[in-house]
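K.L.:
Whenever a hint applies, use it, and build me the whole structure from the sequences.
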Amino acid sequence: MQRWWFLDEKNGSASSLTSSPGTSTKKTKPSKPVGDRRHKFRVLVTYELLKDETIAVTGNCEALGNWEPEHCVQMQLEDGSSNIWYLEIDLPQNVAITYRYFICSMDPTSENVHVRRFETHIEPRTIPIDGASSQTDQETKIDTLGDIDGSIKLDRGWLTSETIIQFKFFDNPFLVKERIKNRLLYVKITPMNLRINAESQSLSTLLDESLSSDTRENGTDHQAYAFTEVVSMGNPKATFEQQSQFGCPYHPEDFLVFNVTVAEPENVAYLVDLYTYSSRSKEDEPPYHLGYHYILPNFLKKSEGILELPVTCASKHRPLGMMRIEYLKVTPLLPSRCNLERSFIRYWNKRWTGLDVGHRGSGTSFKASDGNVIRENTIASLKNAVAHGADMVEFDVQLSKDLVPVIYHDFDIYVSLKRKTTLEINDMLELPMRELTLEQLKNLKVYHVVEGRNREARFFDEDLDEHQPFPQLADALELIDPHCGFNIEIKWSQKLKDGSMESDLNFDSNLYVDCILKVVLEKAGNRRIVFSCFDADICTMLRLKQNLYPVMFLTLGVTSKYPSYHDPRCNSIEMAVRNSCATELLGIVAHTEDLLRDQTQVNLATEKGLIVFCWGDDNNCKDTIKHLKSLGIHAIIYDKMDIYSDKTVKVEGDNATSSQQSCSRG
1 MQRWWFLDEK NGSASSLTSS PGTSTKKTKP SKPVGDRRHK FRVLVTYELL KDETIAVTGN
61 CEALGNWEPE HCVQMQLEDG SSNIWYLEID LPQNVAITYR YFICSMDPTS ENVHVRRFET
121 HIEPRTIPID GASSQTDQET KIDTLGDIDG SIKLDRGWLT SETIIQFKFF DNPFLVKERI
181 KNRLLYVKIT PMNLRINAES QSLSTLLDES LSSDTRENGT DHQAYAFTEV VSMGNPKATF
241 EQQSQFGCPY HPEDFLVFNV TVAEPENVAY LVDLYTYSSR SKEDEPPYHL GYHYILPNFL
301 KKSEGILELP VTCASKHRPL GMMRIEYLKV TPLLPSRCNL ERSFIRYWNK RWTGLDVGHR
361 GSGTSFKASD GNVIRENTIA SLKNAVAHGA DMVEFDVQLS KDLVPVIYHD FDIYVSLKRK
421 TTLEINDMLE LPMRELTLEQ LKNLKVYHVV EGRNREARFF DEDLDEHQPF PQLADALELI
481 DPHCGFNIEI KWSQKLKDGS MESDLNFDSN LYVDCILKVV LEKAGNRRIV FSCFDADICT
541 MLRLKQNLYP VMFLTLGVTS KYPSYHDPRC NSIEMAVRNS CATELLGIVA HTEDLLRDQT
601 QVNLATEKGL IVFCWGDDNN CKDTIKHLKS LGIHAIIYDK MDIYSDKTVK VEGDNATSSQ
661 QSCSRG
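When we follow the UniProt record's numbering, the leftmost residue of the sequence shown carries the number 1, and every step to the right adds one.
Calculated directly from the structure, the hints in this document are not laboratory data.
Fair warning: there could be bad hints in the mix.
Stated by the list, open to error - Estimated spans, in silico, between C-beta atoms of each pair: (1) ASN235 <-> GLY80: 55 to 63 Å; (2) PRO335 <-> TYR562: 32 to 40 Å; (3) ILE306 <-> GLU253: 51 to 59 Å; (4) LEU431 <-> PRO563: 16 to 24 Å; (5) ASP498 <-> GLN245: 33 to 41 Å; (6) ASP508 <-> LEU309: 21 to 29 Å; (7) GLN245 <-> GLU266: 27 to 35 Å; (8) GLU266 <-> ARG179: 33 to 41 Å; (9) SER278 <-> SER503: 47 to 55 Å.
In this text the structure is predicted, and so the values were computed from the model without any measurement.
Glycine residues also receive a C-beta, built at the ideal position from the N, C-alpha and C atoms.
P.N.:
Structure below.
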């Protein structure tokens, strides 16, 4: 595999991207468009637009905003039409125009443009230089939103200035009185504007008014500029939809996720309403309002957390029970580093199957006595995998104390208290890696957890720069052959099913993800990159904070080798597939143990259009790798590329080339 994404597509080249996403300069408002030809855009919209949503167009010239969302040009509905939008505008005469349509909304307070959905075809729409069509041709030509030559791609946008608050209901979150314990509850969440103005004399008045009108079909007079959608992971369809008048039912063992997009999170409260049907209700009778609670913005100061809230009876205003809600707050990556020129967020070429991915570079070093002779997750290990034909290398990234992304797998390390050739029981101190700065990690004598517990050092070549542990992510992006792709696994401590934590991280999750994304967007250039993580919320953040690189959900699956997670989305391929579909991820990274036990689970993902990678110790076998490729797995992550890969590799200095077998995959 020598050419991906930026270089792979017909007529696509790296030179078409004049700057890296990370090199954006301060944006200025373009002057009034001036052009030599008048052009009329017309587009048919088959999607149901929500309140505050509209259609816009952007492209590669100043008149169309140079791909920047805030400089786009909004379209208008044609007279007498409910779904055809148009725009007449002057365009440059001697320039081939490329453009995209997208669904957007505008914050009425700040006038910031929010990208709701956008066309993600690798090649955008084009008006050629000699495409000065007649007025009649322009009147009859109608594009279809999201559809270019039969290829339909209209994906969720990314956060430009808005924030998403996600509320999650799972693990039987309602504790209510016995008489209603077994009734089906419906959950509805309504964002409420807390901004006090001349029309609202007090906060209490505002809340009283909103409560008294919460069952109106058209909502309340004080709803915020916001978009609310909900998905049930218990539903095989698993797509976010608008909530109905009486909310979404919560079934036992269900997993409900509410996404609320808001522009000013500090000024928005959330009314949680519960509805249920009376035991004596008639067939055509709607559910009645059982209870409610307000979530004020000061409850949501952290990026994630658990809320245990009382449920107040809607009729008698007395305590009715309790409910437990887990929340996630996703903030935009600022300054914005993405635009609408090109996106690979769900792009995968059909030729890319059976890719060989080097696990932690050339493989794990500390699992067994036959571990790799090169220390894992080092520049040397990554280079060695590339030299032996790796299409991609997989490695783990986490932050040092001073917020520098470094490549390392374990949460804890051992630090030597004495400089000795032999190690004794009291010569080492176990520390969380996050408690050391990059300088300390580089200068102290640091041992892997296995070395520390066994008091036996395994590697003595750390005086060589490329063999040193804790290489910076930025260094890997600059030093590894750019034709080799990166599968960057974000290390994040999760809660286990028994209630314990893998590690006590003290980082804010938004800050954590932002620090890693900024390095990638600045240093990646044209390298193909896929993010992955075992934490579904981190995957959500990675997906919503940028629109350039795809994200895959790492799944533990059903296994006895590792403890299960508290979040059930990671504990089975079925739930992982539904979560990936709902969040619009590229696909899943499945545990091979799961796939070998039930091969039909591969189809469970691919039939939904998802890409499937696989990981696990079972992959370290030539026959297993061959079998997984025959199942249509898109990429297999395994150790010791030099032993298990069936590629013929010729190495000449820095120029490592793989056989035609590798190149034939793209």
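K.L.:
Okay, LEU431 versus PRO563 on CB: inside 16 to 24 Å?
P.N.:
23 Å, holds
K.L.:
Regarding ASN235 and GLY80, is the given constraint of 55 to 63 Å on their beta-carbon distance met?
P.N.:
38 Å, violated
K.L.:
For the pair PRO335 and TYR562, does the Cβ-Cβ distance stay inside 32 to 40 Å?
P.N.:
The hinted range 32 to 40 Å holds for PRO335 and TYR562, with Cβ atoms some 39 Å apart.
K.L.:
If you check the beta carbons of SER278 and SER503, does the distance land in 47 to 55 Å?
P.N.:
48 Å, holds
K.L.:
Does the beta carbon distance between ILE306 and GLU253 stay inside 51 to 59 Å, or does it fall outside?
P.N.:
19 Å, violated
K.L.:
Taking the beta carbons of GLN245 and GLU266, is their distance inside 27 to 35 Å?
P.N.:
28 Å, holds
K.L.:
Has the hinted range 33 to 41 Å been met by the Cβ atoms of ASP498 and GLN245?
P.N.:
40 Å, holds
K.L.:
Quick one: are ASP508 and LEU309 within 21 to 29 Å, going by C-beta?
P.N.:
23 Å, holds
K.L.:
When you take the CB atoms of GLU266 and ARG179, is the distance between them in 33 to 41 Å?
P.N.:
39 Å, holds
When each numbered hint is compared with the structure, violations occur for hints 1 and 3.
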